[in-house]
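Student: Listed below, chain by chain, are the residues.
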Amino acid sequence: MFSKICSGTAMAVLLSHSFNTNAAEAASANAFNPALSFILAGTYGNLQRDPTLPVTGFAMNPVPGHEQGFNLGESELGISANVDPQFRGVATISLQSSGTASVENAFVQTTALEDGLNLKFGRYFSGLGYLNEQHSHTWDFVDQPLVYSVLWGDQLKEDGMQLKWLAPTDMFVEIGGEIGKGSNFPGTNTAKNGSGAGVLFAHIGDDIGIEQSWRVGLSLHHTKQTNAPSTDVPDLHGTTANNSFTGTSSTGGLDFVWKYSPNGNFRERYLKVQGEYFRRKLNGQLTYDVGTPTAAGANITDGYTVTQSGWYLQSVYQFTPNWRTGLRYDRLDSGTAAVGASNAGNIIANYAYNPSRLTWMADYNTSEFARIRLQLAHDNSRQGLPDNQIFVQYIMALGAHGAHQY
Amino acid sequence: MQKIFVTFLLLLLSSNVHAALNVFACEPEWAALTQQLAGDKASIYTATAALQDPHQIQARPSLIAKARSAQLLVCTGAELEVGWMPVVLQESANSRIQPGSAGHFEAAKYVTMLEVPTRLDRADGDVHAAGNPHIQTDARNFLPIADALSKKLIELDPANTAFYQQRFTAFNQQWRAAIAKWEQQAAPLKGVQIVVQHKGFPYLNDWLGLKEVAELEPKPGMEPSAAYLGKVLNELQQHPARMVLRAAYQNERPSEWIAERAHIPAVIVPYTVGGTAQATDLFALFDDTIARLLAGLK
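Protein chains in written order, with this note's numbering: chain A, 1 to 406; chain B, 1001 to 1298.
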């Protein structure tokens, strides 16, 4: 393989010398600089409820990360380039409005593995589901669907490695697997050798004529939680407790996306429909009311098993080259927990409430680099606390703007 | 795991048995040219259709699957496909067709580029650093591209060298004769003032001597507003044009709006093979383009 690559490169060099005068002009020292992009984004949020309130039945999960008033949102610095003939490097640094910077993505990807193999290592968005790999500036709504917010903390980021294989078939068939540290929710930061989380996914997709295309996916995720803390969890006594869970988290998901455009001309008009379903089983030991040894029933550990699930269905319609509108419906099920006998009198096993949300958005795009969006949502994710939310958002891209994923 | 591996090997072997050269053509004109030069020695997949804006294509799963098994990629280049090709290439995991590899062919490298910008600023709209990428509207451009593409086919499939050489010689002769015929037919178009919807015709103008007096897009790739169209209409009163030109894939509204008010015909050109019912192959593409332009003069 190595000699093949060498001869390929040599050929390319020869070709570029003999034919390509443009490349010769471009071959200044500057030409080796990586592609730089910077996303400027900001939102204005008008909420009727405290955004830190957890979703009913999901007090042990992350809360959807809304913010009130004006805020800078996430500004994103992206850098990418080929490292050498074998590798390509990508880094995305996210700058939060609080002033902290975090490494959102920093991975290396192979470019010269043969036979449909793609290896990625470093920090990346997991390939599970459909939305998980998409950067926030490409989202069709201001926020992620509820099921992503509560089950994946908006987006599952993994430090590890991913291997994908694309089948040599006419139809798109791709399978992939990941192993990683598993320190992000639903995992916990555990100091140990080996892998802390595993993902398997498969995607198939194709066109139907020139106007329609689709992709369907299946994903599985498994990790362990060790002393996963959760604060302010409502209990049967009508107070709130701080609990701790140790056990396994296994999630299965189904996703689909379908796109339609008259003549397949996406510039003018298109319709996109997508939906995803995730189902997670937590199985382990729950310690009730940790850290308050004096309270009755505190620090009791017993078995705890629950299956949480959720889905969303959304559609976006671009009706002119500049305007798009979209509608999304979210729904969650917190399940009925099997609680060990010692804690049966403390922990709410069944909330008997299905959180849901209906969201509408419209965005105006002055070009493919600039988008201004209005979003209205009726959020019934907290029982008895309906919230009507208004968001205004801008997303602008500076510099190199890479191609978008499907 | 072992089973998967074995299946995978079998699939690989079966794909190598396939004799014809697998070609992934980004646009219909390059599929048609490859067809002319390779005949049945190539199995060609066309990634975009004639009525699609080639700047804005989705990196669809089907494209990734087809790129996976391609041995040769034939595209315009000059950043025309920059919005989707990089994802397709990365996801295809096919080292044969990556930029710089032997199987990566960009037609724009073999012609003289027009409208190469002297400054690069997104405030100027959708400009391409390498120059205007719509090179396929000048029939003369196909001669050096065909020459280079034929050499590329020979490089990738040396066993059929004589076949490709013979096809190229035949094409070259026919195409030169056709250019002479088209230039003769298009003589009345020389110096004719036109309005274009998108800045997509510099090569056609350069070839046939059409004179572009206005564009309907305020900046390349930007949708014209009613106010802007009104301004263009005013200008047309001072510098009248004979027709307003647009590619088949473009929205008819701006052209029709101007055509109606300026009392000039709106002319649709196929722009690529398949853009109109008449443009069935490369020869028919230019037959039809010139016929439509001449009809616009009447």
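No lab work stands behind these hints, which were simulated from the structure alone. Quick reminder that beta carbons are idealized off the backbone N, C-alpha and C, glycines included. Careful, some of the hints might be misleading.
Calculated lysine to aspartate or glutamate pairs in the DMTMM-like style (CA-CA distance at most 25 Å, straight line) [to be verified]: (1) B:K1181 to B:D1157; (2) B:K1152 to B:D1126; (3) A:K120 to A:D84; (4) B:K1219 to A:D115; (5) B:K1181 to B:D1287; (6) B:K1181 to B:E1155; (7) A:K181 to A:D206; (8) B:K1190 to B:E1215; (9) B:K1041 to A:E114; (10) A:K157 to A:E268; (11) B:K1231 to A:E268; (12) B:K1219 to A:E268; (13) A:K272 to B:E1235; (14) A:K281 to A:E268; (15) B:K1211 to B:D1147; (16) B:K1181 to B:E1223; (17) B:K1219 to B:D1121; (18) A:K272 to B:D1288; (19) A:K157 to A:D170; (20) B:K1199 to B:E1260; (21) B:K1190 to B:D1121; (22) B:K1199 to B:E1235; (23) B:K1199 to A:E268; (24) A:K281 to A:E211; (25) B:K1219 to B:E1183; (26) A:K224 to A:D159; (27) B:K1211 to B:D1287; (28) B:K1041 to A:D154; (29) A:K224 to A:D333; (30) B:K1041 to A:D170; (31) B:K1199 to A:D84; (32) B:K1199 to B:D1157; (33) B:K1298 to B:E1212; (34) B:K1152 to A:E133; (35) B:K1190 to B:E1223; (36) B:K1152 to A:D206.
A few chain A positions that, by computed beta-carbon distances, are all more than 12 Å from chain B [said to hold, decoys possible]: (37) P51; (38) I93; (39) G209; (40) L218.
Student: For the pair we were handed, K1190 (chain B) and E1223 (chain B), check the Cα-Cα distance against 25 Å.
Tutor: violated (29 Å)
Student: For a C-alpha distance cap of 25 Å, please report whether K1190 (chain B) and E1215 (chain B) respect it.
Tutor: holds (19 Å)
Student: What's the verdict on K181 (chain A) and D206 (chain A), does the C-alpha distance respect the 25 Å limit or exceed it?
Tutor: violated (33 Å)
Student: Between the alpha carbons of K1199 (chain B) and E1235 (chain B), is the straight-line distance 25 Å or under?
Tutor: holds (17 Å)
Student: Under the criterion that the straight-line Cα-Cα distance not exceed 25 Å, is the pair K120 (chain A), D84 (chain A) satisfied?
Tutor: holds (15 Å)
Student: Within 25 Å, alpha carbon to alpha carbon, are K1181 (chain B) and D1287 (chain B)?
Tutor: holds (9 Å)
Student: Take the C-alpha atoms of K224 (chain A) and D159 (chain A), compute the straight-line distance between them, and say whether it is at most 25 Å.
Tutor: holds (15 Å)
Student: Is the straight-line distance between the alpha-carbon of K1219 (chain B) and that of E268 (chain A) 25 Å or less?
Tutor: With a Cα-Cα distance of about 17 Å, the restraint between K1219 (chain B) and E268 (chain A) holds, given a limit of 25 Å.
Student: Would you mind confirming whether the straight-line C-alpha gap from K157 (chain A) to D170 (chain A) stays at or under 25 Å?
Tutor: Not OK: K157 (chain A) and D170 (chain A) at ~31 Å, beyond 25 Å, violated.
Student: Holds or violated: K1152 (chain B) and D1126 (chain B), Cα atoms, limit 25 Å.
Tutor: Given pair K1152 (chain B), D1126 (chain B) is violated - Cα atoms ~31 Å apart, limit 25 Å.
Student: Please verify whether K1041 (chain B) and D170 (chain A) have alpha carbons no more than 25 Å apart.
Tutor: holds (19 Å)
Student: Within 25 Å, alpha carbon to alpha carbon, are K1181 (chain B) and E1223 (chain B)?
Tutor: violated (36 Å)
This entry does not satisfy hints 1, 2, 4, 6, 7, 10, 13, 14, 15, 16, 18, 19, 21, 24, 25, 28, 31, 32, 34, 35, 36 and 39, going by the numbered hints stated previously.
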